[in-house]
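Starting from the known structure of chain A, arrange chain B on it as the hints suggest.
The listed protein sequences correspond, in order, to chains A and B. In terms of my numbering, the first sequence has 577 at position 92, counting the first letter as 1, and numbering is strictly consecutive. In terms of my numbering, the second sequence has 88 at position 84, counting the first letter as 1, and numbering is strictly consecutive.
Honestly, the hints are just simulated from the structure, not real lab data. Keep in mind that the hints are not guaranteed to be accurate.
Between beta-carbon pairs, the in silico distance windows are [to be verified]: (1) A/Phe515 x B/Ala26: 17 to 25 Å; (2) B/Val86 x A/Ile648: 17 to 25 Å; (3) A/Asp509 x B/Thr17: 20 to 28 Å; (4) B/Val18 x A/Gly574: 43 to 51 Å; (5) B/Val91 x A/Gly499: 16 to 24 Å; (6) B/Ser78 x A/His572: 39 to 47 Å; (7) A/Val599 x B/Ala61: 22 to 30 Å; (8) B/Val41 x A/Asp509: 51 to 59 Å; (9) B/Ala43 x A/Thr576: 14 to 22 Å; (10) A/Lys573 x B/Arg75: 47 to 55 Å; (11) B/Val18 x A/Leu602: 23 to 31 Å.
Output of the computed footprint for chain A on chain B, the stretches with three or more beta carbons under 8 Å from beta carbons of chain A [to be verified]: (12) 20 to 27; (13) 30 to 37; (14) 41 to 48; (15) 93 to 100.
Some residues of chain B that are not near chain A, with every Cβ distance over 12 Å (derived) [stated by the list, open to error]: (16) Arg75; (17) Val76; (18) Phe79.
Glycine included, every Cβ here is placed at the ideal spot set by N, Cα and C.
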Amino acid sequence: LFGSLISTYLVYKGRSVVGPYPRDVLNIPFTSISTFDLLMSSLMMVLALAAVQRGDMKWGKIWLFSTALLGTVFLGGQVIEFTDFVHKGLTLQTNLFGCTFFVLTGTHGAHVTVGVLWLFTLWVRALQGKLGPAHAMTVEITGLYWHFVDVVWIVIFTVVYLIQ
Amino acid sequence: MSTQPEQGAAHPTVGVYLRVAAALVILTVLEVGVFYVPAFRPVLVPVLLVLSAAKFALVVMFYMHLRADSRVFSFLFGAPFVLAVVVLVALLFLFLGALTLRGAAGAG
Chain A
486 LFGSLISTYL VYKGRSVVGP YPRDVLNIPF TSISTFDLLM SSLMMVLALA
536 AVQRGDMKWG KIWLFSTALL GTVFLGGQVI EFTDFVHKGL TLQTNLFGCT
586 FFVLTGTHGA HVTVGVLWLF TLWVRALQGK LGPAHAMTVE ITGLYWHFVD
636 VVWIVIFTVV YLIQ
Chain B
5 MSTQPEQGAA HPTVGVYLRV AAALVILTVL EVGVFYVPAF RPVLVPVLLV
55 LSAAKFALVV MFYMHLRADS RVFSFLFGAP FVLAVVVLVA LLFLFLGALT
105 LRGAAGAG
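Next up, chain A with everything else stripped away, as it sits in the complex (with noise of 0.2 Å):
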């Protein structure tokens, strides 16, 4: 799926016949903000999956959490870039560039709200005391779903942000 839609974007990269340009609206400083946090996210993640094996279950809640938190600052970051972008004049059928790059981010922006409503649930779950190291393995589960969103996400940024 990623694959598909990162080639489409870069096959109709700079084909755009009216602005906005990429360089028109592009805000590296704020995108590069919203990598370092879902880079955090995977970390606190991973620190999460280490408190449930080994039975910490407050820091298990807290960094769960945190990762639930940091992926909800992160899609926040793109409703206002996309906010932004539409005041710019750039929608999905103004150019190529605001077609092929809404449908690519905005994939990844859907992966992500699906991670957060996981991790939310898992939280909860955790809270209720119904998640402790026996399901750790539903933890680590999760983590490799974040992590992908993740890995996708730093080919997006040097592809689409970086790579002008």
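Same frame as chain A, now just chain B:
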């Protein structure tokens, strides 16, 4: 699901996780720094791709535990990844070539 992870596949320690996070932050700072330094313009793309690949590898090896886990998991991750790269390269060759030829024909 309520199974314990296999003890044979030892996960990295918290210290390793923190060092990997520090490396990821440094690599990201380097990426953004390289983007803004005009001297790097001629080699910007290869440098960014190498830095990005390093970040990708760190997350996959240490946070996704593929470095310590069974090779079956490496294959399960690596095979679709190679497929995705092949799809990406194939689509780029197919469509970039077609668009370039069409552009040249239009110009001619």
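We went through each hint and held it up to the structure:
Distance hint check: the CB atoms of phenylalanine 515 of chain A and alanine 26 of chain B are about 23 Å apart, consistent with the given range 17 to 25 Å. At about 22 Å, the CB distance of valine 86 of chain B to isoleucine 648 of chain A agrees with the hint of 17 to 25 Å. Separated by about 46 Å at the C-beta atoms, aspartate 509 of chain A and threonine 17 of chain B break the suggested range of 20 to 28 Å. At about 47 Å, the CB distance of valine 18 of chain B to glycine 574 of chain A agrees with the hint of 43 to 51 Å.
Under the hint 16 to 24 Å, the C-beta atoms of valine 91 of chain B and glycine 499 of chain A, about 21 Å apart, fit the expected range. Distance hint check: the CB atoms of serine 78 of chain B and histidine 572 of chain A are about 45 Å apart, consistent with the given range 39 to 47 Å. Checked against the hint of 22 to 30 Å, the C-beta distance between valine 599 of chain A and alanine 61 of chain B comes to roughly 25 Å, which is consistent with it. For the pair valine 41 of chain B and aspartate 509 of chain A, the supplied restraint of 51 to 59 Å is violated, since their beta-carbon distance comes to about 22 Å.
Range check, alanine 43 of chain B to threonine 576 of chain A: about 36 Å between beta-carbon atoms, so the 14 to 22 Å window is missed. Distance hint check: the CB atoms of lysine 573 of chain A and arginine 75 of chain B are about 48 Å apart, consistent with the given range 47 to 55 Å. Take valine 18 of chain B and leucine 602 of chain A: their Cβ atoms lie about 27 Å apart, and the range 23 to 31 Å holds. Three residues within the 8 Å Cβ limit are the bar, and the segment 20 to 27 of chain B against chain A gives 4, so the coverage statement holds.
Counting residues of the segment 30 to 37 of chain B whose C-beta lies closer than 8 Å to any C-beta of chain A gives 3; at least three are required, and the coverage claim holds. Coverage of the segment 41 to 48 of chain B by chain A is violated. Counting CB-CB distances below 8 Å, 1 residues qualify, and the rule asks for three or more. A count of 4 residues in the segment 93 to 100 of chain B with a Cβ less than 8 Å from any Cβ of chain A is obtained; the coverage claim is therefore met, three being the minimum. The Cβ of arginine 75 of chain B sits about 16 Å from the closest Cβ of chain A, beyond the 12 Å cut-off, so the non-interface label holds.
At roughly 14 Å from the closest C-beta of chain A, the C-beta of valine 76 of chain B stays outside 12 Å, upholding its exclusion from the interface. At roughly 15 Å from the closest C-beta of chain A, the C-beta of phenylalanine 79 of chain B stays outside 12 Å, upholding its exclusion from the interface.
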